[in-house]
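Could you slot chain B onto chain A? The hints should help.
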Amino acid sequence: DSGVTQTPKHLITATGQRVTLRCSPRSGDLSVYWYQQSLDQGLQFLIQYYNGEERAKGNILERFSAQQFPDLHSELNLSSLELGDSALYFCASSPGPDRGKLFFGSGTQLSVL
Amino acid sequence: KNEVEQSPQNLTAQEGEFITINCSYSVGISALHWLQQHPGGGIVSLFMLSSGKKKHGRLIATINIQEKHSSLHITASHPRDSAVYICAVRGQGAQKLVFGQGTRLTINP
Numbered sequence: 096d097s098g099v100t101q102t103p104k105h106l107i108t109a110t111g112q113r114v115t116l117r118c119s120p121r122s123g124d125l126s127v128y129w130y131q132q133s134l135d136q137g138l139q140f141l142i143q144y145y146n147g148e149e150r151a152k153g154n155i156l157e158r159f160s161a162q163q164f165p166d167l168h169s170e171l172n173l174s175s176l177e178l179g180d181s182a183l184y185f186c187a188s189s190p191g192p193d194r195g196k197l198f199f200g201s202g203t204q205l206s207v208l
Numbered sequence: 170k171n172e173v174e175q176s177p178q179n180l181t182a183q184e185g186e187f188i189t190i191n192c193s194y195s196v197g198i199s200a201l202h203w204l205q206q207h208p209g210g211g212i213v214s215l216f217m218l219s220s221g222k223k224k225h226g227r228l229i230a231t232i233n234i235q236e237k238h239s240s241l242h243i244t245a246s247h248p249r250d251s252a253v254y255i256c257a258v259r260g261q262g263a264q265k266l267v268f269g270q271g272t273r274l275t276i277n278p
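Protein chains in written order, with our numbering: chain A, 96 to 208; chain B, 170 to 278.
Treat the hints as calculated values from the structure; they're not laboratory data. Don't take every hint at face value.
[Unchecked claim] Keeping only pairs whose Cα atoms sit at most 25 Å apart, straight-line, the calculated DSS-like set for lysine-lysine is: (1) LYS196(A) - LYS237(B); (2) LYS196(A) - LYS104(A); (3) LYS196(A) - LYS222(B); (4) LYS222(B) - LYS237(B); (5) LYS222(B) - LYS152(A); (6) LYS223(B) - LYS237(B); (7) LYS196(A) - LYS152(A); (8) LYS196(A) - LYS223(B); (9) LYS224(B) - LYS237(B).
[Claimed, not checked] Where chain B lies over chain A, by a calculated footprint (3+ residues, C-beta under 8 Å): (10) 139-152; (11) 187-200.
[Stated by the list, open to error] Which chain B residues face chain A? A few, computed with CB under 7 Å, are given here: (12) ILE212; (13) LYS265; (14) LEU266; (15) PHE268; (16) GLN270.
For clarity, every value in this text was computed on a predicted model and none was experimentally measured. Glycine included, each C-beta is placed from N, C-alpha and C at the ideal position.
Pulled out of the complex, with its shape left as it was, chain A reads as follows (with noise of 0.2 Å):
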């Protein structure tokens, strides 16, 4: 058990819907990242937040957007869905800002239909 959480484990839905993903970092961790995982573009990094603020982005769609809360907890909303946003979405933590080995949770597996 990495300590990550990641809700919901699976998450089904439609074009054109509006989803969110919830992510508990590591008790201590600070540092928040998520990442996309499909089967032809492989693992990409989207976005980082650090203690509350966005510390790095990487390829999010502008249809996507992400938060960390003073819990530190952190949410991914994923909006006007397509067919080619169905992939496995981790979440990962780590103690710094940049530098560290990650924690990684168990991901989510969207899938649009």
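Relative to the frame of chain A, chain B by itself:
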């Protein structure tokens, strides 16, 4: 050409064999990560290294900064080592990780 290239893409071996997975990258880095992803999908961080060599149990990771190359070795491989192994690098001054495409390892009993 991807920033991070892994080889081989697929590897099948017999239990007990010594396994080597390679990772080459094209940019200067501050750190390299080796990750393991089991068939159930969960990802575990095995190593983070910026120089030299690290060992944990039957796993050994090495990195050669000058040659921009890292290897992950598994000694006395076991069927439970069957997984996808992913190399990821953090560029110097960068926050994001760039991932290799993964190496699918299958160890047969």
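Hint by hint, here is what the structure shows:
Under the criterion of a C-alpha separation no larger than 25 Å, the hint pairing LYS196(A) with LYS237(B) is consistent with the structure, at around 20 Å. Annotation: proposed proximity of LYS196(A) to LYS104(A) holds, straight-line Cα distance about 23 Å (limit 25 Å). For the hint linking LYS196(A) to LYS222(B), the alpha-carbon distance of about 16 Å falls within 25 Å, and the restraint holds. Only pairs whose Cα atoms come within 25 Å are accepted, and LYS222(B) paired with LYS237(B) is accepted, the gap being roughly 14 Å.
Proximity of LYS222(B) to LYS152(A) is assessed by CA-CA distance (about 31 Å); at most 25 Å being required, the pair is judged violated. A hinted pair counts as satisfied when its Cα atoms are at most 25 Å apart, and LYS223(B) with LYS237(B) qualifies at roughly 17 Å. For the hint pairing LYS196(A) with LYS152(A), the CA-to-CA distance comes to about 19 Å; that is within 25 Å, so the pair holds. Note on LYS196(A) and LYS223(B): the hinted pairing holds, with a Cα-Cα distance of about 13 Å set against a maximum of 25 Å.
For the given pair, LYS224(B) sits about 20 Å from LYS237(B) by alpha-carbon distance, which is consistent with the 25 Å threshold. Restraint check on the stretch 139-152 of chain A versus chain B: 5 residues with Cβ-Cβ distances below 8 Å, three needed, restraint holds. Only residues whose C-beta sits within less than 8 Å of a C-beta in chain B count toward coverage, and the stretch 187-200 of chain A has 9 of them, enough to reach three; the restraint holds. Taking 7 Å as the C-beta cut-off, the interface hint given for ILE212(B) holds, the closest approach to chain A being about 4 Å.
A hinted interface residue such as LYS265(B) counts as satisfied when its beta carbon comes closer than 7 Å to some beta carbon of chain A; here the least separation is about 4 Å, so the hint holds. Given the 7 Å rule on beta carbons, the hint for LEU266(B) holds: about 6 Å separates it from the nearest Cβ of chain A. With a least beta-carbon distance of about 4 Å to chain A, the hint placing PHE268(B) at the interface is held under the 7 Å criterion. Hint on GLN270(B) holds. Least Cβ distance to chain A is approximately 5 Å, under the 7 Å limit.
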